[in-house]
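Peer 1: The primary structure of each chain is shown beneath.
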Amino acid sequence: MNAPANDRTDDHISDSANDVAHRAPSNLDLDAPATPYLDSNELIINMGPQHPATHGVLRVILKLDGEKVLGTECVIGYLHRGVEKIGENRTYTMFNPYVDRMDYVAAVSNGLGYCEAVEKLMNVEAPARAKYIRVIMTELNRIASHQLWLGTHALDIGAMTPLFYTFRDREEILKIFEKYCGARLTTHAFRIGGCQYETYAGFEKEVKNFLTYVAPKIDEYEELLTTNRIWLERTKNVGVISGADCIALGVTGPVLRASGVQWDLRKAQPYAAYSEFDFEIPVGTNGDTYDRYLVRMAEMRQSLRIIEQAVNGIPEGPIMAKVPKVIKPPVGEIYHSIEAPKGELGYFIVSDGTTQPYRLRVRPPSFVNLQALDRMVRGLLVADVIAVIGTIDIVLGEVDR
Amino acid sequence: MNPGMNPGMVRDMAPVATPFFFYLLAGLAVAGGVLVITRRNAVHSALALIVTLLAVAGLYLMLYAPFVAGIQIIVYAGGIMVLFLFVIMLVNIERSSKDRRFNRMWPVGLGAACALLALFVSAFVKGKALFPDRMMSLPESSNTQQIATMLYGEGGKMGPYTFAFEIASLLLLVAILGAVIMTKKKI
Amino acid sequence: MPNFIMSYLDSSVRGTPGEAGSQFWALIYVFIIFTGVSVAVMAMNWLERKALAHFQIRLGPMRVGPHGLLQPIADAIKLMLKEDIIPAEADQFAFWVAPMIGLLAAFAVYTVIPFGPSQAVSDMNIGILFMLGVSSLGVLGIVVAGWASNSHYPLIGALRSSAQMVSYEVAMGLAVVSAILMTSLNASGTGTLSMIGIVRAQQEQGVWFIFKFFPLGLIAFVIFAIAMVAETNRAPFDMAEAESELTAGYHTEYSGLRWSLFMLAEYAAMIAVSSIAVTLWLGGWMRPFPNLLNAPAWDFIFSFFPALTFFGLAAIAIVGVARMSSHSFFRIQRVGLAVFAAVLGFIAVLLLVIAVGGRSVDANVAAGSAARFREGIDDVYWFVLKVAVFMYLFIWYRATWPRYRFDQLMRVGWKVLLPISLGVLVVTAIVGVIVS
Numbered sequence: 001m002n003a004p005a006n007d008r009t010d011d012h013i014s015d016s017a018n019d020v021a022h023r024a025p026s027n028l029d030l031d032a033p034a035t036p037y038l039d040s041n042e043l044i045i046n047m048g049p050q051h052p053a054t055h056g057v058l059r060v061i062l063k064l065d066g067e068k069v070l071g072t073e074c075v076i077g078y079l080h081r082g083v084e085k086i087g088e089n090r091t092y093t094m095f096n097p098y099v100d101r102m103d104y105v106a107a108v109s110n111g112l113g114y115c116e117a118v119e120k121l122m123n124v125e126a127p128a129r130a131k132y133i134r135v136i137m138t139e140l141n142r143i144a145s146h147q148l149w150l151g152t153h154a155l156d157i158g159a160m161t162p163l164f165y166t167f168r169d170r171e172e173i174l175k176i177f178e179k180y181c182g183a184r185l186t187t188h189a190f191r192i193g194g195c196q197y198e199t200y201a202g203f204e205k206e207v208k209n210f211l212t213y214v215a216p217k218i219d220e221y222e223e224l225l226t227t228n229r230i231w232l233e234r235t236k237n238v239g240v241i242s243g244a245d246c247i248a249l250g251v252t253g254p255v256l257r258a259s260g261v262q263w264d265l266r267k268a269q270p271y272a273a274y275s276e277f278d279f280e281i282p283v284g285t286n287g288d289t290y291d292r293y294l295v296r297m298a299e300m301r302q303s304l305r306i307i308e309q310a311v312n313g314i315p316e317g318p319i320m321a322k323v324p325k326v327i328k329p330p331v332g333e334i335y336h337s338i339e340a341p342k343g344e345l346g347y348f349i350v351s352d353g354t355t356q357p358y359r360l361r362v363r364p365p366s367f368v369n370l371q372a373l374d375r376m377v378r379g380l381l382v383a384d385v386i387a388v389i390g391t392i393d394i395v396l397g398e399v400d401r
Numbered sequence: 001m002n003p004g005m006n007p008g009m010v011r012d013m014a015p016v017a018t019p020f021f022f023y024l025l026a027g028l029a030v031a032g033g034v035l036v037i038t039r040r041n042a043v044h045s046a047l048a049l050i051v052t053l054l055a056v057a058g059l060y061l062m063l064y065a066p067f068v069a070g071i072q073i074i075v076y077a078g079g080i081m082v083l084f085l086f087v088i089m090l091v092n093i094e095r096s097s098k099d100r101r102f103n104r105m106w107p108v109g110l111g112a113a114c115a116l117l118a119l120f121v122s123a124f125v126k127g128k129a130l131f132p133d134r135m136m137s138l139p140e141s142s143n144t145q146q147i148a149t150m151l152y153g154e155g156g157k158m159g160p161y162t163f164a165f166e167i168a169s170l171l172l173l174v175a176i177l178g179a180v181i182m183t184k185k186k187i
Numbered sequence: 001m002p003n004f005i006m007s008y009l010d011s012s013v014r015g016t017p018g019e020a021g022s023q024f025w026a027l028i029y030v031f032i033i034f035t036g037v038s039v040a041v042m043a044m045n046w047l048e049r050k051a052l053a054h055f056q057i058r059l060g061p062m063r064v065g066p067h068g069l070l071q072p073i074a075d076a077i078k079l080m081l082k083e084d085i086i087p088a089e090a091d092q093f094a095f096w097v098a099p100m101i102g103l104l105a106a107f108a109v110y111t112v113i114p115f116g117p118s119q120a121v122s123d124m125n126i127g128i129l130f131m132l133g134v135s136s137l138g139v140l141g142i143v144v145a146g147w148a149s150n151s152h153y154p155l156i157g158a159l160r161s162s163a164q165m166v167s168y169e170v171a172m173g174l175a176v177v178s179a180i181l182m183t184s185l186n187a188s189g190t191g192t193l194s195m196i197g198i199v200r201a202q203q204e205q206g207v208w209f210i211f212k213f214f215p216l217g218l219i220a221f222v223i224f225a226i227a228m229v230a231e232t233n234r235a236p237f238d239m240a241e242a243e244s245e246l247t248a249g250y251h252t253e254y255s256g257l258r259w260s261l262f263m264l265a266e267y268a269a270m271i272a273v274s275s276i277a278v279t280l281w282l283g284g285w286m287r288p289f290p291n292l293l294n295a296p297a298w299d300f301i302f303s304f305f306p307a308l309t310f311f312g313l314a315a316i317a318i319v320g321v322a323r324m325s326s327h328s329f330f331r332i333q334r335v336g337l338a339v340f341a342a343v344l345g346f347i348a349v350l351l352l353v354i355a356v357g358g359r360s361v362d363a364n365v366a367a368g369s370a371a372r373f374r375e376g377i378d379d380v381y382w383f384v385l386k387v388a389v390f391m392y393l394f395i396w397y398r399a400t401w402p403r404y405r406f407d408q409l410m411r412v413g414w415k416v417l418l419p420i421s422l423g424v425l426v427v428t429a430i431v432g433v434i435v436s
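Residue numbers (our numbering), protein chains in the order written: chain Z, 1 to 401; chain C, 1 to 187; chain E, 1 to 436.
Chain Z with its partners taken away, still in its complex shape (with noise of 0.2 Å):
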């Protein structure tokens, strides 16, 4: 049976059945014998990669029996543009702007990750001072992007008014960006080797103004949703998973804390100023998609925390370290990751001495941790799938890269 030349999701037996067949079993143990066939109860829906709750386009494929999943298969790769390939042919400096298109939403952390790993390559330390400012911006971009995650994965849940409440306080958000570096998403906000601008004037107040504004719409949220029974039976046991899976399948981020294991790289390696704050590791221990909420909330607050510190005791100096114009680190390789607010972010590049790296592979939480999707929907309902796709948090940009 050939497979049909456009890729139609209702005609989805005889597709699905030709890609399940000709892909390896790529899960952990499956517990159905992997046949291309047809039980007679068995069903294999496609999710297709448009679809309204799939937060980008990931096409899944669900095997089913009646309502219950027995098994996913993600197709991924409709977002891929070949960023680690241009990556090779871009100079280390007009590669920066690349990878605030990877994770859309959190761009100053991507900046962070690559500028830093750039930096250790090159053995340059950036300054105090821009390590400050670089701790505020990721700090505040963590909360944007956790505000997103909650009102998309509410929206999915059918609660529609947190997505506006959300968005609304993220604006304040983008605000700040827009008024630092000149963009709202794809800030490209830090350069190899420190900050480019300096911070502009008010700066600090706008960021206390921010801080005092948001916390009582954190708590909002949670009124909204944290004892709300409907919430509740959604979420709770929902998409279970232990620590000693996660952390055999990689899965890092809020995904691992949920599950118990207290694993934060801004505490296990510290980098940029975050071994100057004092804050907390957030950590569940049902491993649920409640749990993932609770932690991520308290995340939230947390960044607040560090923010409030950060901005109270910025540091005078320099914000740019001594770079050359051009910059050609020393041969070598380099893996340096950082806590994006998705899981571990991290940057393998190997450079040969030239303006351009030699290779750069980017290790992005979201594809990590969507292979534990599979191991989160087995036994669940088919309304569950759309809610714990929503909860691992993931954006496409990064998966696919």
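In short, the hints are calculated from the structure, not lab data. Some clues are possibly wrong.
As the list claims (entries may be wrong) - Taking lysine to aspartate or glutamate and the EDC-like style, the derived pairs with C-alpha atoms no more than 20 Å apart in a straight line are:
1. Lys184(C) x Glu204(E)
2. Lys68(Z) x Glu42(Z)
3. Lys236(Z) x Glu223(Z)
4. Lys322(Z) x Asp65(Z)
5. Lys184(C) x Glu42(Z)
6. Lys68(Z) x Asp407(E)
7. Lys68(Z) x Glu223(Z)
8. Lys184(C) x Asp65(Z)
9. Lys236(Z) x Glu89(E)
10. Lys267(Z) x Glu280(Z)
11. Lys179(Z) x Glu206(Z)
12. Lys415(E) x Glu233(Z)
Stated by the list, open to error - So these bits of chain C aren't anywhere near chain E, every CB distance computed over 12 Å:
13. Ala77
14. Arg104
15. Gly109
16. Cys114
17. Leu116
18. Phe124
19. Gly159
To be verified - Partial list, derived from the structure: chain C residues whose beta carbon lies under 7 Å from chain E:
20. Leu59
21. Pro66
22. Phe67
23. Val68
24. Gly70
25. Ile73
26. Gly78
27. Leu85
28. Ile147
29. Leu151
Source: prediction; values computed, not measured. Beta carbons are placed, not taken as given, at the ideal position from N, Cα and C, and that holds for glycine.
Assemble the complex: chain Z is given as a structure, and chains C and E must be docked to it using the hints.
Peer 2: Coordinates of chains C and E only, in the frame set by chain Z:
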């Protein structure tokens, strides 16, 4: 008789255009019945059956039995026909709609229907004395009460059908339990 | 014809038009109610968009007509002008008839809804039974719609919707029965199934059934309130028609006017079940505190409420006019809103005149026809106000809560609501026997 001039409580409905409505409802019922057996598409048959049932409910209303009419709508049209439609839609019947297998038996069917008709006619003719020859004036407002008395009894005593009613409800409970047990994969 | 009109305004006639044997008035009533419900559905559409928007810190429709007041009309025209797409493999007859069934079921319920002691199209003495039965016919419309689309996602969605509606009908019915039980605690000792009779029973017993045998009436009311939200497939029970789910609902393949018929049926069903709740538990057309605040002075004060409401609405509209920008682009909107405010003010003045002119100072004097007219207006007003509160609640629920997963929804219907309503029924019966 214009009962509209009495102040106060709820009264019976004055009959309006009785022959017209009788022929309309009866015609609808018969037409619905004919459509049930002549349509190829099972869903169309079910819809025609709904029309028949609603027409019969209307006929009950004309016989001053509003409770029975209401129950007919709720139970038959709203419950049993929904069940029929569920079954029709969940079972693949497209094949059988193109099947002409049963149409070869139509002489037998016609013969059986004629025999049944002869039975009805003979029963009506022979038992003419049993049927009232004028319309009974049943007080409409007490239809519900009378049925309740028959089913549940009055003044502390059991009515004529109380025991049967309870047995029937036990039967229904057994049927529900059986359905639940048969569809669950594990108990 | 003047005889019919005079016979209706005659104060000694105290029955619904159907009872009074006046077919003309019954037909006029049907027409009035049909128009009224259609207007109410359009108003509900507007209110939903505006209220939902304001819950979500946005404004909603603002451009089509002042503050979006003409938006429902624009939507209706757009839907009528859309191309009527019928899937090629669809069952043509069933495709066409499904919205009709839903609409018929939703609108037929309005024959028994009582707006006043003699204001219903017909006061059947099985009124509540009729309402329950006809609203269960709406399930058929959904099932046939899902089938007729000939595509298995709408079919699954339709079967789910109908399974949900059927499950919650059981709890609804039991809650209704416990309210009916309370009507039998009358002086005459017999209960009634007729809608007007139920409100009269509340009047005679001097208490709204929601407060009777506290908390039994309240629990029954709450069960009904939850079940009616599930019955009409509204949030938080709208899994079967939500956009972000895999099965997109029974009206996926319907476009244009046919889809709008489904929406019309849904809103009409919402208003209908709210009317049942109001009639059974909230005293129907009676004003608040009919027995506690019994003096004619209180009657007088409460009779001004309709006029006050419309004055309030007119005042809101005038404030809206004042706050609108005075740029020349906005002139037509300002003028439109001012006209609307003027219309509301005119209605308010009219109601004020009726309220003042129709009062009878001495409670013993038999009510003249002007007083009867005023009472009629008041009855309709209180009824509509209570139903409007329920409509607002529907929108509030939709804005606030996430939706239940389908199996959780069925679990709530069968394992939570049904046992509680059975319990309430039994306890109400026991208490009723003990009390009487």
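Peer 1: Each hint: holds or not?
Peer 2: The hints, checked one at a time:
no.	hint	verdict
1	Lys184(C) x Glu204(E)	violated, 50 Å
2	Lys68(Z) x Glu42(Z)	holds, 10 Å
3	Lys236(Z) x Glu223(Z)	holds, 17 Å
4	Lys322(Z) x Asp65(Z)	violated, 62 Å
5	Lys184(C) x Glu42(Z)	holds, 17 Å
6	Lys68(Z) x Asp407(E)	holds, 11 Å
7	Lys68(Z) x Glu223(Z)	violated, 32 Å
8	Lys184(C) x Asp65(Z)	holds, 14 Å
9	Lys236(Z) x Glu89(E)	violated, 42 Å
10	Lys267(Z) x Glu280(Z)	holds, 9 Å
11	Lys179(Z) x Glu206(Z)	holds, 10 Å
12	Lys415(E) x Glu233(Z)	holds, 15 Å
13	Ala77	violated, 6 Å
14	Arg104	holds, 27 Å
15	Gly109	holds, 26 Å
16	Cys114	holds, 32 Å
17	Leu116	holds, 30 Å
18	Phe124	holds, 31 Å
19	Gly159	holds, 17 Å
20	Leu59	violated, 15 Å
21	Pro66	holds, 4 Å
22	Phe67	holds, 6 Å
23	Val68	violated, 9 Å
24	Gly70	holds, 4 Å
25	Ile73	holds, 4 Å
26	Gly78	holds, 3 Å
27	Leu85	holds, 5 Å
28	Ile147	violated, 11 Å
29	Leu151	violated, 15 Å
Hints 1, 4, 7, 9, 13, 20, 23, 28 and 29, counting from the list given before, are not met by this structure.
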